[in-house]
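Participant: Go by the hints and put chain A onto chain S.
Respectively, the protein sequence lines represent chains S and A. Under the numbering used here, the first residue of the first sequence is numbered 279, with each subsequent residue one higher. Under the numbering used here, the first residue of the second sequence is numbered 279, with each subsequent residue one higher.
No wet-lab data here; the hints were simulated from the structure. Treat the hints with care, as some may be off.
Just so you know, same-sequence chains aren't split out, so a pair can sit in one copy or run between any two.
[Stated by the list, open to error] 20 Å max Cα-Cα, derived SDA-like pairs, lysine to any residue:
(1) 576 to 626
(2) 589 to 640
(3) 389 to 507
(4) 575 to 624
(5) 583 to 636
(6) 583 to 449
(7) 575 to 619
(8) 628 to 639
Computed from a prediction, not measured in an experiment: that's the story for all the values here.
Read off the chains here:
2 protein chains.
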Amino acid sequence: MKRRDFIKTAAALGTAATLGGCTREQIEGKRAFHTSRQKRVKLKLATSWPAHFPIMGTGVERFAQRVKAMSGGSLEIKVYPKNILVPALAVFDATSSGQIDAFHSGPYYWKGKNPAFALFSGLPMGMVASELIAWMKYGGGYDLWRELYAKYNLYPMMGGNTGVQMGGWFRKPIKSLGDLKGLKMRIPGLGGEVMARLGVNPILLPAGEIYTALERGTIDATEWVGPALDIRMGFYKVAPYYYTGWHEPGSVLELTFNKARFDKLSPEHQAILQTAADQLNNEMYHEFLDQNARALKKLKALGVKIYNFPKAVDEAAKKAVMEVVADQSAKSADFKRVYASMASYYRLVKPWTDISEARYLNIR
Amino acid sequence: MKRRDFIKTAAALGTAATLGGCTREQIEGKRAFHTSRQKRVKLKLATSWPAHFPIMGTGVERFAQRVKAMSGGSLEIKVYPKNILVPALAVFDATSSGQIDAFHSGPYYWKGKNPAFALFSGLPMGMVASELIAWMKYGGGYDLWRELYAKYNLYPMMGGNTGVQMGGWFRKPIKSLGDLKGLKMRIPGLGGEVMARLGVNPILLPAGEIYTALERGTIDATEWVGPALDIRMGFYKVAPYYYTGWHEPGSVLELTFNKARFDKLSPEHQAILQTAADQLNNEMYHEFLDQNARALKKLKALGVKIYNFPKAVDEAAKKAVMEVVADQSAKSADFKRVYASMASYYRLVKPWTDISEARYLNIR
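Okay, chain S solo, but in the shape it has when bound (with noise of 0.2 Å):
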């Protein structure tokens, strides 16, 4: 039966039953209802991408129309694109205030209301995307990310992964750690203030004016995030030389709710969104990892060739990320009790990581 009949039969039994002055479990005899009347929800929920943006927003839109299916209709997320509701940086706020119901954006956003939440994201030679989801469920991650986030009225779940990002797009190969200096970079966050202490100049410039500047020299490189959304981006064809990454080892996406409407839901909509957002979550990364294997093979098939940053580049990139803990620490007491839980966290999971997936993958 196709659930519009369902639904028309059932209204029908039901009118049946009232007319008849007694209950459709005593005309049904032995079959047991369940009788659920869900109030009916609609939420609001922005992105801070564009429309149909591939993984990260498409899988949004599945998202909304799993948890629609899950809760038989009596629970509707509307998806709004980009700056059609909010613009793409106002999610936050606009989610804080009850404006709207919900956002799916980045953590790293947000730093400059509380520089611990770019944490929350990830750190530059810091723990892949397993490693996060585990800390975030079993190392206390999200204890200390609602607790924060709370003070804004929110409620955040982890609601999508990049995976190990790209180091990005150069104009020139980088051979030594002195050819980064006085470099002009398209990299935000704190990939930015690593590179930036390894003598790279960071340039924030808008999604749609990245090309141009590669293309007439404004800018040097520009890291954007992996073969899949890099392809569409044309970089290749003025920037050729595209390096591995460990500025960003595995970027967690939010998916966020106004706290007080989501505490107003009733227990079986909260759980279908809690499920519902796991399941994107990991959906998301797994996701990411086909397109990106796909893009690769055709951008290797373009002619584009996979480059290495030299170890002392490397070396001198983990030296500076603990500067700028260092650094960041000292500023915030908050970001200082994120990041003690988070390298606590590492320090007891990357032993295990070695010997498994690291290890593994190397012989394999």
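Facilitator: Using the frame of chain S, we list chain A on its own:
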């Protein structure tokens, strides 16, 4: 409001509406309600694990709780540990025949029915968990698995992943390929077939007999899963050489339903089961990661040392895997077809894993 109170209130309001001869919608005016008269369904699910078995067993119990919460109690899954309703390895047949509705186990257990089924658990020296999941979803793996299981009236979903398993516990160190010759090792599945080609004598033993056999020297080595489950078996006391692994690089566990039963469920219940299974699949992987890390720390505190097989063993194992694959492919057209799909996806995904996760884990 507590769930119980909510149901009571709704029932009371429902009665009032019936008595007044009009619907609740009419009484409540503007408040829109969705009437979902979801049929109450109870499903019996048997596992191949003991009651409350860590991670694998407890994960399935949480899955059942989530399904109940999401469905507002209309979908209940009663979880039976092994040997309560059906023997541990009879769950496939019991679900196929409709004696029970679903099971949680591992596809390698059914290779006697079809050699290809072993591949859905993964391949020695093959893909890791994230790659296997991407293959299932985006590379044709699920299509093949569901096509082959449909012949048994079964509908499989992934229901967990162990991550990279350890190579096992050895009474003496393995310093050369020659040290494996004649070794009696408890190791099942394709891993056992590969080890046999390296000179090992693979033994099958019930879980309860392994420790004593190892202690008495009846066997020289055993593999199990990873630190979290291994530590409970006490193997470190009698076989102190703990080796890293390649024989089960990301074993897929399954949550499989009787197909006819699943097809008859409402679209809501189907969506709830699909989403909850996918959530479980990833949650179990991350719980293994966390628990393995914690147990490894304990094992090290107990003095356990970690060893890698010599390079000659790794290389001989890779060759042996290809021989086993050729052998099985010659005997089974299904094995050949599933392996071809896996191998094709491995060639696609490995170059990306190599420059992202694998590269990054080496330099961080």
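Participant: So, for every hint listed, does it hold in this structure?
Facilitator: Hint-by-hint comparison with the structure:
1. 576 to 626: Between copies only: 11 Å across chains, 38 Å inside a chain, cut-off 20 Å.
2. 589 to 640: both (18 Å within a copy, 11 Å between copies)
3. 389 to 507: This pair counts as neither: shortest intra-copy Cα distance 24 Å, inter-copy 40 Å.
4. 575 to 624: between (32 Å within a copy, 13 Å between copies)
5. 583 to 636: Answer is between: at 18 Å across copies they meet the 20 Å cutoff, but 24 Å inside does not.
6. 583 to 449: within (12 Å within a copy, 47 Å between copies)
7. 575 to 619: For residue 575 and residue 619, the Cα distance is within 20 Å only across copies (17 Å; inside one copy 38 Å).
8. 628 to 639: Both: 15 Å inside a chain and 9 Å across chains, each within 20 Å.
The structure fails hint 3 only (numbered hints given earlier).
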